[in-house]
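Asker: Taken in sequence, the protein lines are chains A and B.
Be aware that the first sequence starts at 207, since it is given in our numbering, and climbs by one per residue.
Be aware that the second sequence starts at 10, since it is given in our numbering, and climbs by one per residue.
If you are wondering where the hints come from, they were derived from the structure by calculation, not from laboratory data.
Quick caveat: nothing in here was measured; it's all calculated off a predicted structure.
Note that beta-carbon positions come from the ideal geometry of N, C-alpha and C, so glycine has one too.
A couple of the hints might just be wrong.
Counterexamples of contact, computed for chain A against chain B with all Cβ distances above 12 Å [as the list claims (entries may be wrong)]:
1) E217
2) L225
3) G260
4) R317
5) A363
6) H414
7) Q423
8) V442
Stretches of chain A that chain B covers, calculated by requiring three or more beta carbons in the stretch to come under 8 Å of a beta carbon on chain B [to be verified]:
9) 275-282
10) 372-378
11) 391-403
So, partial list: chain A residues that the calculated Cβ filter (under 7 Å) puts toward chain B [stated by the list, open to error]:
12) F270
13) A285
14) Q286
15) A315
16) T364
17) R437
18) N438
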Amino acid sequence: MNGHALLEAREVSVRFGGLTAVDDVSAAFAPGELVGIIGPNGAGKTTFFNALSGVIAPTSGELFALGRRLTGAAPHRYAQQGIARTFQTPRVFASLSVQANVDFGLQFAGRNRQASWLLKDTASILNLIGLTAQAALPAGAITPSQQRLLEIGMALATRPKLLLLDEVAAGLAESEVEAMAQLIRRLRDELDLTVIWIEHAVTTLMRHVERVIVLHQGRKIADGSPAEVVRNAEVVEAYLGDEMTEAA
Amino acid sequence: MKRDLLILFSLAGWALAVPHYASEFAVSMALTCLMYATLSSSWSLFCGSTRYLSLATSAFFGIGAYAGALLLEHVSWLVAIALGGTIAAAVAVLMGLAVLHLRGTYFAVLTFGMTELIHHAITYWEKQVTGTVGRVLTVVPERDTVYLTMLALAVAAVLVSIAVRRSRFGLAMAGIGADEQRAQTLGVNTRLVKVAGFALTAAFAGAVGAVMSVRWTYIDPATVFNPFIGFQTVLIALVGGAATLWGPLIAAVVFSLLAETLRLQVPQLYMMSLGLLLILCVLYLPGGLASLRWQTFGLWRDDVRDWWRDLRRPAEKKVAP
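Sequences and hints are given; from them, build the entire structure.
Answerer: Dropping the structure here:
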C-alpha cells in the first residue's frame, strides 16, 4: 500500500444512547483486498458497515477515503467516492424492473465514473450477476437469492472501488453459497475491487478471504490471515471454538 | 409520452374555448377546476413520487396571493405572478431545509404547523405594521386574462410533470419514495432533490395564489391561507392517484364540479361526500381513480360473489342434518 489506504477507519465508535455498538475500531483497507468481517450476533458488524458507508455517522473517530476526510458526509458522497454497499435484507426497488434497479446506480453515483468494460452498461452488469433472463421482471417478483444478486448488481452500477457486502450468502442453499463466493472472487480479480464481506457463516467465509477482522462486543479483537485468526486465543474464547478450528 | 402530450393539448384546446361560449358561472367553475388541477398535479409531482405528504400548499398559495396583491400595483400582471411563485419557492426552500429530514406524520404535521405560523405572522404584521386586516385590489385584469393565465399554469404543471417523470430528477424522487436510504447509497443527493422538488411544487402553488387573488378583489389572511385549500389539494391528489399523471387532473375536475354544485345548496353534504370518497379510495382503490380499469370492476364483482358465497355457506350446513 503506497500513500493512502482506499478506505480507512480511525478509532471509530458508534453509540446508541448507552449502548456502544462499535467501540474504537481502526482498520485500513488496501486496493484489491478481499477482507472478511466476522463476529457473533450483536458484535456490531452491520453497524460498522453502516459507519463505513455513511449510513450512520460515527459518534467519534474519523473516516478517510484515499486520504480524503469523509466523516459525517451524507451517504451519496461515499457512493461518489467509490464506496458501494449491499444491505442484509435486500432493499431492491420492488416495483421497478430488475433492469431499472441496476440502471438506477448508473444514473447517479456511477454516472461520471470510469468503469471496466464489465460494468459498461446495464446489460453487461446483468450479465455479470447472471440476471439477464430476469431483466424485465419486477424486482419484487424474483426469488430472494436472485434479489441478493440484484443487490450486488445495484451496488456495482455505482462503479465502485470498494464493495461492502452484508451477509450476501445468508439463507442461500449450499450450491448457491459456492456460486456467490465464486462471483465475489471474480469481482475482486477481474474488476480489481476491494471487497469487505460480512458473513455469519464463518466456515464459508474463511475459505475465500485472505484477511479476517473479528469483532466482539463492538471491539476489534483480531485482524489477520484466517490461519492466524483461528489460533488467536481471544477469538477462540469469544467466538465459537469448535466451528473455528473446523474452518482452519 | 406522445399520447400524454396529445391528450394535454386537446384538453387545453377545449378549455381555451370555454370563455367564448360558456356562462359566467361556468367560466368561474372552469377556473376552479383549473386551479385545483394545477395545485394537485404540482403537489403530486413532488409529494406523490417521494411520498412526503405536504400540507403546506395553502401556505404557498397564501404567500403567492399576498405577494401578487401587493405587487400588482407596481409591476405588470405576469411579473407579479412570476414573483408570487418565486417568493413561495424561496419560502419552500427555507421550510424544506428545516423539515425535510422528517418523514411521515412528523413531516405532514410540521408543514401544517408552519402554514399556520405563516398565516398568523402575516395577520400580526397586517395589524401591527400596516394597521389593516385585508386588502382591496384596485388593479384587476380582465376575466379572460385571469382564466387564460390559469389555463397556462395548468398546462405548464402537466408539462413539467411529464418532463420530470422522464428525467433523472424524477427518477431520484421515485427512488426517495421507494427507499430513501437505498437511493442515497446509490448516489442520490436526497437533500438537494427533496428541497428542489418541494420548491418546484411551491412555485406553482404561489403562482396559482397570485392569479386567484385578483378573482377575490378583496383578500385577507383568513381567506388566502385557508387550510381547506391545502387539504382539498391533498384529497384530490390522493383520490385521483398521486403517483399518476392524469389522476390528480381527473379528480380536480370531479371535485370542483361537486364542490360548486353541492357547496352552495348543501355544504355538509359536500364535505361528507369528500370524506366518504377518500375513505373508499384509500380502502378499495389505493392507486386512486387513475388506477381504475375494467378489470378492477371484475375483481370487485368476484370479491362480492365470494363474500356472498361465504355468507350463505353456514346456512347450507344448518339445513343438512
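Asker: It remains to establish, for every hint, whether it holds in the given structure.
Answerer: Against the structure, the hints:
| no. | hint | result |
| --- | --- | --- |
| 1 | E217 | 24 Å, holds |
| 2 | L225 | 21 Å, holds |
| 3 | G260 | 8 Å, violated |
| 4 | R317 | 8 Å, violated |
| 5 | A363 | 7 Å, violated |
| 6 | H414 | 24 Å, holds |
| 7 | Q423 | 26 Å, holds |
| 8 | V442 | 35 Å, holds |
| 9 | 275-282 | holds (count 3) |
| 10 | 372-378 | violated (count 0) |
| 11 | 391-403 | violated (count 0) |
| 12 | F270 | 19 Å, violated |
| 13 | A285 | 4 Å, holds |
| 14 | Q286 | 6 Å, holds |
| 15 | A315 | 2 Å, holds |
| 16 | T364 | 6 Å, holds |
| 17 | R437 | 36 Å, violated |
| 18 | N438 | 33 Å, violated |
The earlier numbered hints that this structure contradicts are 3, 4, 5, 10, 11, 12, 17, 18.
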